[in-house]
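Heads up, the final residue of the sequence shown is numbered 169 in our numbering, and it's a clean run with no missing numbers.
It cannot be assumed that every hint is accurate.
As the list claims (entries may be wrong) - Cβ pair distances, simulated, as ranges:
| hint | residue 1 | residue 2 | range |
| --- | --- | --- | --- |
| 1 | Phe122 | Trp43 | 47 to 57 angstroms |
| 2 | Gln24 | Pro141 | 37 to 47 angstroms |
| 3 | Ile133 | Val25 | 47 to 57 angstroms |
| 4 | Ile133 | Gln24 | 49 to 59 angstroms |
| 5 | Arg30 | Leu137 | 40 to 50 angstroms |
| 6 | Arg30 | Arg91 | 12 to 22 angstroms |
| 7 | Ala26 | Arg168 | 17 to 27 angstroms |
| 8 | Ile133 | Ala26 | 51 to 61 angstroms |
| 9 | Val25 | Arg130 | 49 to 59 angstroms |
| 10 | Glu21 | Leu138 | 51 to 61 angstroms |
| 11 | Ser135 | Ala26 | 47 to 57 angstroms |
| 12 | Val48 | Thr19 | 38 to 48 angstroms |
| 13 | Glu21 | Leu70 | 48 to 58 angstroms |
| 14 | Glu21 | Val78 | 38 to 48 angstroms |
Keep in mind that the hints were calculated from the coordinates and are not lab data.
Note that CB positions come from ideal geometry on N, CA and C, so glycine has one too.
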Amino acid sequence: MSDTPELDQVADARRRIAAHTRFPVAYWTLAGVVLVLAAGLPIWIFLLPTGRSYLEWGLVALVLASAVYSWTRRRRSGVYLAKRVGSYPSARPFWLGGLAVALVGFFVINFWVAREQIGSALLVLPVVGLAVFGLQIKLRSAMMRDIEQGRVRQ
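Whole structure, please, built from the sequences with the hints as guidance.
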């Protein structure tokens, strides 16, 4: 029999499971770059009119690489976390905020590109990228807290 009380064992198990919500620094670095590139799609399409198909295939490759990374990480660790953000009650506001910032930023950048104000669009781009990046980090932190406190719904 263990000397550790059962509730402490449960809390420790939740902490160990919550550790799987953390991504390595390399992932976050690449995620930041990809977010800025994705937010600037209207700019890149305007500047590279002949390279549009390459951008589209690049996005497809990125989505596939992200899915494969997530799948292999899950298989290797054996920890299957709930995939829907709605399963984590305190993470939902950050998810909705990230979607709103990305959507508004995309429309603002599109607005400036349509008026051929690339300089203004390039000034908005890092702001949108950093805001979405920050909200993604907050989202992961909220997910981790929800797992540690046992508030995850399936």
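Going through the hints against the structure:
{"no.": "1", "hint": "Phe122 x Trp43: 47 to 57 angstroms", "in the structure": "26 angstroms, violated"}
{"no.": "2", "hint": "Gln24 x Pro141: 37 to 47 angstroms", "in the structure": "46 angstroms, holds"}
{"no.": "3", "hint": "Ile133 x Val25: 47 to 57 angstroms", "in the structure": "55 angstroms, holds"}
{"no.": "4", "hint": "Ile133 x Gln24: 49 to 59 angstroms", "in the structure": "58 angstroms, holds"}
{"no.": "5", "hint": "Arg30 x Leu137: 40 to 50 angstroms", "in the structure": "43 angstroms, holds"}
{"no.": "6", "hint": "Arg30 x Arg91: 12 to 22 angstroms", "in the structure": "20 angstroms, holds"}
{"no.": "7", "hint": "Ala26 x Arg168: 17 to 27 angstroms", "in the structure": "19 angstroms, holds"}
{"no.": "8", "hint": "Ile133 x Ala26: 51 to 61 angstroms", "in the structure": "53 angstroms, holds"}
{"no.": "9", "hint": "Val25 x Arg130: 49 to 59 angstroms", "in the structure": "57 angstroms, holds"}
{"no.": "10", "hint": "Glu21 x Leu138: 51 to 61 angstroms", "in the structure": "56 angstroms, holds"}
{"no.": "11", "hint": "Ser135 x Ala26: 47 to 57 angstroms", "in the structure": "50 angstroms, holds"}
{"no.": "12", "hint": "Val48 x Thr19: 38 to 48 angstroms", "in the structure": "43 angstroms, holds"}
{"no.": "13", "hint": "Glu21 x Leu70: 48 to 58 angstroms", "in the structure": "54 angstroms, holds"}
{"no.": "14", "hint": "Glu21 x Val78: 38 to 48 angstroms", "in the structure": "43 angstroms, holds"}
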